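As given, the protein sequences belong to chains C and L, one line each in that order. Residue numbering for the first sequence follows my numbering, starting at 1 and increasing by one per position. Residue numbering for the second sequence follows my numbering, starting at 1 and increasing by one per position.
For the record, the hints were derived by calculation from the structure and aren't laboratory data. Values in this document were obtained by computation on a predicted structure and should not be read as measured data. Glycine included, each C-beta is placed from N, C-alpha and C at the ideal position.
Below 20 Å or equal to it, Euclidean Cα-Cα: the simulated EDC-like pairs (lysine to aspartate or glutamate) are:
| no. | chain 1 | residue 1 | chain 2 | residue 2 |
| --- | --- | --- | --- | --- |
| 1 | L | Lys84 | C | Glu334 |
| 2 | L | Lys138 | C | Glu295 |
| 3 | L | Lys176 | C | Glu294 |
Which residues of chain L face chain C? A few of them, derived with a C-beta cut under 8 Å, are:
| no. | residue |
| --- | --- |
| 4 | Lys84 |
| 5 | Gly85 |
| 6 | Gln132 |
| 7 | Val149 |
| 8 | Tyr347 |
| 9 | Ser380 |
Take a look at the letters that make up each chain.
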Amino acid sequence: MFTKFHEWYKNRHDYARAWREQNDGEVVGCFCSYVPEELIYAAGLLPVRVLGSHEPQDVTEPHIFGMFCPFCRDVLAQGLKGRYNYLKGIVLAQSCLHLRQAFTSWRNHVPADFAHYIYFPNKVQTKHAYSYYHGELVKFRKALEEWIGRAISDDSIKAAAELYNENRRLMREVYELRKAANPPLTGLEAMIMVASSYFVDKKDHNAELKRILPELKSRTLERETGGRLMIVGSENDDTEFVQMVESVGATVVVDDHCTGSRYFWNATEFSGDVMQDIANRYIDRPPCPTKDWEERSRFPHVLQLAREYNVDGVILIQQKFCDPHECDMVPLKELLNNNDLPTLFLEFDVTVPVGQFRIRVEAFLEMLGVEELF
Amino acid sequence: MSEYRSEPLKCWPRAKELRLKYYQDYQKARERGGIRWTGGAWSFDAIPAGLGRDVYNITGEPYAASIAFDRKLSTECLEAAEAKGWARDLCSYMRNYWGSMYLGKYAFGGEYPDPDFCFQDHICCSHAKWYQHVAEYKKIPYFCIDVSVGPYKDVDENRLMFVVNQMHEAIEWLEKTTGRKYQDELLIEAVENETRSTATWAEVCCLNMNKPAPLDEKTMYSLYVHGTLAKHSKDVADFYEELRDEVKYRIDNHIAAVPNEQCRLMSDTQPPWGFLKIFRYLEGYGAISVGSLYTFGLIGIWETKPDGSWGPRPTPMQKGEKITTRDQALRVLADWNLSKPEWQHFYDPNLKTEMMLQIVKQWQLDGVMLHLNRGCEGLSCGIMENRLGIAKAGVPVMTFEGNMGDEREFDEKRVVTRIDSFMETLGIKMLGKPAGIG
Ligand code: SF4
Ligand code: SF4
Chain C
1 MFTKFHEWYK NRHDYARAWR EQNDGEVVGC FCSYVPEELI YAAGLLPVRV LGSHEPQDVT
61 EPHIFGMFCP FCRDVLAQGL KGRYNYLKGI VLAQSCLHLR QAFTSWRNHV PADFAHYIYF
121 PNKVQTKHAY SYYHGELVKF RKALEEWIGR AISDDSIKAA AELYNENRRL MREVYELRKA
181 ANPPLTGLEA MIMVASSYFV DKKDHNAELK RILPELKSRT LERETGGRLM IVGSENDDTE
241 FVQMVESVGA TVVVDDHCTG SRYFWNATEF SGDVMQDIAN RYIDRPPCPT KDWEERSRFP
301 HVLQLAREYN VDGVILIQQK FCDPHECDMV PLKELLNNND LPTLFLEFDV TVPVGQFRIR
361 VEAFLEMLGV EELF
Chain L
1 MSEYRSEPLK CWPRAKELRL KYYQDYQKAR ERGGIRWTGG AWSFDAIPAG LGRDVYNITG
61 EPYAASIAFD RKLSTECLEA AEAKGWARDL CSYMRNYWGS MYLGKYAFGG EYPDPDFCFQ
121 DHICCSHAKW YQHVAEYKKI PYFCIDVSVG PYKDVDENRL MFVVNQMHEA IEWLEKTTGR
181 KYQDELLIEA VENETRSTAT WAEVCCLNMN KPAPLDEKTM YSLYVHGTLA KHSKDVADFY
241 EELRDEVKYR IDNHIAAVPN EQCRLMSDTQ PPWGFLKIFR YLEGYGAISV GSLYTFGLIG
301 IWETKPDGSW GPRPTPMQKG EKITTRDQAL RVLADWNLSK PEWQHFYDPN LKTEMMLQIV
361 KQWQLDGVML HLNRGCEGLS CGIMENRLGI AKAGVPVMTF EGNMGDEREF DEKRVVTRID
421 SFMETLGIKM LGKPAGIG
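Bound-form chain L, shown alone (with noise of 0.2 Å):
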């Protein structure tokens, strides 16, 4: 049994700061005289970064999943949203959040810092409702962009003007709503900052191709949450890159996640936020899950090389390009969300399981956990036929129910009564103590 030596991540530190700062930032934006504005993680940031440097957004679901994590707090912002009448299905996040801004509690301390406008886009049906019923609460103005037209293989002008067409108009709408002027160079910036911050991330995702894996999942959503934050930031593009430098070093030096790797896998879908302990469970088994569609693709943006092998985008900086007007730097953006590999499941599946197995090829899988999450219909969209795509190829595929955000839907043991059965299945006996869990 080979025994890798591992130690913590140097960056870590800065990640916990930087987080900590777009979410202060946030709460003191109005003190400085700053706009604030709420949407979704898959928002255009860029968009409203045209309008000043003073800029700050809080997006829904991150900031939900931090709610989720403090399962007494969370508990009672579903339960607010409950009081109000919403059904108990809804999606998991958005419930955690409405009840945040109906408590007006803050999860970072303090009271929920009301937002000076809603900015969103929608490709899940409870994208645009979401916002929809903040702006109402609030009072607030509200902007919404469609960006469901389709899997990006089949994206043509007709497809791609209808969003930069609505970019377009969202910038007119935010011009009007702020009475600010636009800056063009603030929102080609941004983009540029965009694009890098995206494709780095899909460079770090690559090195876990080498075993045994630099980085475990768990740490990962640690990691590709700044991606959800503010995917347009410099911040966040400068530290990606500086992860990416540090995890080549990982490599270089045979420092390994786990230590005791012996069988690697990859999940499906956001996690149980209350109970990321099933992964150090899991490291018992000398298992690690080096990753996910999910948080690979969630922001990270990729594409398909010419030898069939999944890597990063190049960047338009990287191919020479330079985005000199509005209307330019507006469709690389639409464009290059659209590649988005977490985009494209919601109109086949099959498009999903495809990308799925080739991870499961190039970051040599030896099997696949599927979190059928109660809690997002977005994610789970499609996951049954997941489901039947990958064990049609051969890859051992287990699932277990959960909620991302409701902890009132996870049954702890019986997922680790299938956790452990999935081991055996694949072979794979406990190498030590469990890790407290069960």
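This is chain C alone, in the form it adopts within the complex (with noise of 0.2 Å):
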């Protein structure tokens, strides 16, 4: 059922290259979950995210020093190997200092027309973060029209931010079915579901969830559901991990990563000025810990999510040298574990020693008692 989105997030390039060749646009390569694709989507551009291909690889060492998270370093990697090579343009929305290297450094060596940096409020909890981001907004419309050589208008803009809000609602309604005592898809499913929507127009994207929404509804896996885990950390579209994970005696109910959950929670709400409901959805968006403070104001909403989803356990993930997690590693697992939420932690480079994992996601799910339910 899953097989159009593997497809897509498998061949992600060649989707593009095809896409560019139908539209007769250009697409534009994207640097963290932060960067507000409706404005690119509606100058009739591509927006598709840049991710690893989780293969070791030694091109960016004169690049990025070795403290900086692998994610980054894997990032840059396909640029330089030239990988994204149909990017005509790329943008960043002001992210950790980690993946902003991946930027500044993909910038300065490897050809794009168009390098726009967003400088998106680190501080999301005060009220100037509206205006003061709706603003910058106003700026990257603006270079978005340089560059393409025509006026965005608004109506195209909201058209835009109707169809991802479109999209925003229709994964919400694929998560609302992994509540279920069953869930009628796996966490591999939905991982994937959510990274392929990266990659392509979310036209497609939308049409093929339409496709199987009523299907999955009546669906049931010929699988045990075991052990109901969450999980929660740093950037992750590490497949074969889900996958051990699920082989194992469990499956993934539900998640909060940038690129899960959070890159699609919340929609843009509609009050008349366009622009600014664009940035104040990015604000009010489940936050990235790099701009959680000074209230924690994700805990909440991560504790909220465990309790719907009726989670048994919760591994925490975290890229290897990746600050903006590991500030929130240690209150994290305290908050879980004093709501009777067992936490695995486990870190995470460009690959991952699934056999090791696999014995701690094994020995976790024994402490969970989850193997009674056989």
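Please assemble the complex out of the two chains, which come individually in their own frames, going by the hints.
And the structure:
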């Protein structure tokens, strides 16, 4: 049922190249899930996320010092190796220092006609962030207009925002089904659904979501659900890992990742000024830890997800050296444990030691008493 | 080989006294009915100054550097932070600071003195998170200002006002938190002092263009530190003027920092505080580090002059501008700080490379030593691109790995070997017995 998503995820570059041919438009690489893709889409361009390929590499060594996270290095490696050579533009919305370097080194060494750094506010908890970000979005729109050589109308921005909202709503509908005692989809399928949405035209993605949803609602999986797990932490599109977890008596039912639920959780609410509405949406979305202060507003959100999805335990994954998440891990673990949610902490590198992690996941599931379910 | 006269700085005792007074004032603030707060070295300390003349702060980075300098205490602190589960690769200043807080030990004797509130600003990912944890652990209020609005060359009204608006919000918050009435005259005075101290520090750094250099970087660390403690204070501004005059005197009287100067270098990022002796080792080669973008621009405020050279940014007072209102003071403060050299590379490593190359040119340097500092993600951000940029410009550059605040990540022998081969590349021979290292 999820074959199409799988195909898109696997053949992301072929899809982008074909899209370019068919739509006579350019493809723009987005760094970080905070990039306001709606505006890029409204300009008649295809925004795609730049993600790593989970292969060992050494091309980034001269560019990013080894103390920065493997994800940002993997992302840059894609550029240096020419894997995204169809991109005509790249955009960063102010991210952690790690990913930011993937963008700045890319800008220095990989040819692109358009490179834009959006100074997204780090403090989203101040009321001033809304008007400030509105101003920055206006600049971004102008930069896009200059690049493509024509104006982007408010109507097309509204239409793009609606299309994106539809995608968010549909993906949430799918997530909703995971609340069931026996979810009709695996965590791996959900991960691939979300990750593929990064790479394809939302029109195509929505059509496919609409196609599978009725069927999905009545789908029964030929497998035991086992332990209901949540995954929380740094960027993660490591399908091999989730596949392993789900092969040892568990199902991932929900997540809090920038490449997962956080990407699509909240919708743009329309009030009249579409640019302000989009700005508000990004300020109000479930935050990345690097933007979550002074209050830890992310924590109640994570806890609520765990409760709503009736989670038995939480796997905390951490990209090695990822400071934003490292700064949240200790209090987050404490919070979850204090709320009777056992946790398993795993540190990720570009490739994960699946065998070693399997033993730890099995021990964790045993501790959760999961084997009694069979 | 030229041999210069060298002698200690006359204002050295004053520098020591000022620093000690700073830490003691903080410790004793409560006894005197005053307020104490904590935040980063880059926090807008001029803002809480408007709460009264009895407001004292402790800034996290220099405090943590003092811990790191005491290797035994530092190990205890780092281990205390690790025991709580924090990752070993987090900012080593933050871990030293947290460790001292957990152990309840003050690096200057006695118990860790609890602050009344945290007041911070944010440009590095660890900034806001550092004091978020302090505030939680100590159960005290916390306010943090986001300054990551892009490089100064692109600052416009929207970007400036985002910072200024948060500053206004901070003042309301301070009044509410402390129950005190805010005094705009004190803010204005503090802003004037801050512009004076940070521009004067830049003046001091400029004097080091002289050959032989009147100051070496190791000494500068003990001097720039005042700007990281209380850049808004009159004492610091006055002290920097006194220092500037003495450095001028040294130049006039041919007093050098290193008597056998034959090679001029600059470093980058914070040094490994437990191993400052590497600078002594360099002296064996007659090599002197005359500064760095870090020592010049961490607190020093600079501008590019019409002829393209780099020099101290003129203060509002020097430009004949009178600050009369709160809003004006905050605008000046925001604008002044956004031009801080060490804030530019957070958005683009090329901006840092350009500044470094300018320093190489103006300070007539022979090479650059980049400390790949595992302890600081903020200042190491983009550092490999700087290496590429500097090398591309034909300037000899070496790197060495280390950690400003975690000696477990510093391999002394390896670094010395790298220095030796760098000197060989530069064609510099050891002049005398190397200062005890290795
Ligand atoms: S950790 Fe945060 S800032 Fe960094 S890539 Fe993920 S969402 Fe973006
Ligand atoms: S990592 Fe560096 S810039 Fe960031 S808080 Fe620590 S010392 Fe400061």
